[in-house]
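**Student:** When you get a sec, could you build the whole thing from the sequences and use the hints?
Below are the chains, spelled out letter by letter.
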Amino acid sequence: SAVISQKPSRDICQRGTSLTIQCQVDSQVTMMFWYRQQPGQSLTLIATANQGSEATYESGFVIDKFPISRPNLTFSTLTVSNMSPEDSSIYLCSVGTAVRHEQYFGPGTRLTVT
Amino acid sequence: GDSVTQMEGPVTLSEEAFLTINCTYTATGYPSLFWYVQYPGEGLQLLLKATKADDKGSNKGFEATYRKETTSFHLEKGSVQVSDSAVYFCALSDPGGGADGLTFGKGTHLIIQP
Numbered sequence: 052s053a054v055i056s057q058k059p060s061r062d063i064c065q066r067g068t069s070l071t072i073q074c075q076v077d078s079q080v081t082m083m084f085w086y087r088q089q090p091g092q093s094l095t096l097i098a099t100a101n102q103g104s105e106a107t108y109e110s111g112f113v114i115d116k117f118p119i120s121r122p123n124l125t126f127s128t129l130t131v132s133n134m135s136p137e138d139s140s141i142y143l144c145s146v147g148t149a150v151r152h153e154q155y156f157g158p159g160t161r162l163t164v165t
Numbered sequence: 031g032d033s034v035t036q037m038e039g040p041v042t043l044s045e046e047a048f049l050t051i052n053c054t055y056t057a058t059g060y061p062s063l064f065w066y067v068q069y070p071g072e073g074l075q076l077l078l079k080a081t082k083a084d085d086k087g088s089n090k091g092f093e094a095t096y097r098k099e100t101t102s103f104h105l106e107k108g109s110v111q112v113s114d115s116a117v118y119f120c121a122l123s124d125p126g127g128g129a130d131g132l133t134f135g136k137g138t139h140l141i142i143q144p
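Chains A and B supply the protein sequences, listed in that same order. Here the first sequence stands for residues 52 to 165, where the numbers follow my numbering. Here the second sequence stands for residues 31 to 144, where the numbers follow my numbering.
In case anyone wonders, no lab produced these hints; they're calculated from the structure. It is possible that part of the hints are untrue.
To be verified - Derived DSBU-like pairs: lysine-lysine, alpha-carbon spacing no greater than 30 Å straight-line:
| # | chain 1 | residue 1 | chain 2 | residue 2 |
| --- | --- | --- | --- | --- |
| 1 | B | LYS136 | A | LYS116 |
| 2 | B | LYS82 | B | LYS98 |
| 3 | B | LYS136 | A | LYS58 |
**Tutor:** Structure, rendered in structure tokens:
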């Protein structure tokens, strides 16, 4: 399976600011995704990061709040914009493999907004 | 839309007990089904999967069978160990329903006592 790293691993941010999270994979992958895991909750898909085109967002998530870039097949960023305490979560990237719909997850970025 | 329902915990068992964690799903198309595990302080790991009806996924002594007639994918293990203590997530992928990402259940916190 692919090795996935995320930066930063954790951060504490002031409300109203923005944070960009990086996801790096050690091999080229077709599909990359971003998820959010709120405290004590399950994972919710934010968007699919598409290489060379705009990300595909799930219901309840918008580009102005969570802009995503995917400049190549090994790297993606997620920005959490104009943060509020409700954005405090773990943000995870995942990659899809050639095996049908199997996904592997990065270690996550733990974000706390004060 | 797609959804996954799993028994909520915490589930507390003694070592060597038999484990069942129930999972049922609703999907538009013909989903693939997964169990993921999150050990304390670690990232999300794929435990096992099944891609079509009557398939059985297995790993580390855990098993789950894809039952289309009951739309279920229950996780079982014959004899649990303290090291199995973790949060277990049932998930599905349903590209036929228009989404490549995973839909997760709420997670079941499993505690194994020595």
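**Student:** Each hint needs a verdict: does it hold in this structure or not?
**Tutor:** Cross-check of the supplied hints:
1. LYS136/B - LYS116/A: 24 Å, holds
2. LYS82/B - LYS98/B: Between LYS82/B and LYS98/B the Cα gap is close to 8 Å, so the pair holds against 30 Å.
3. LYS136/B - LYS58/A: 26 Å, holds
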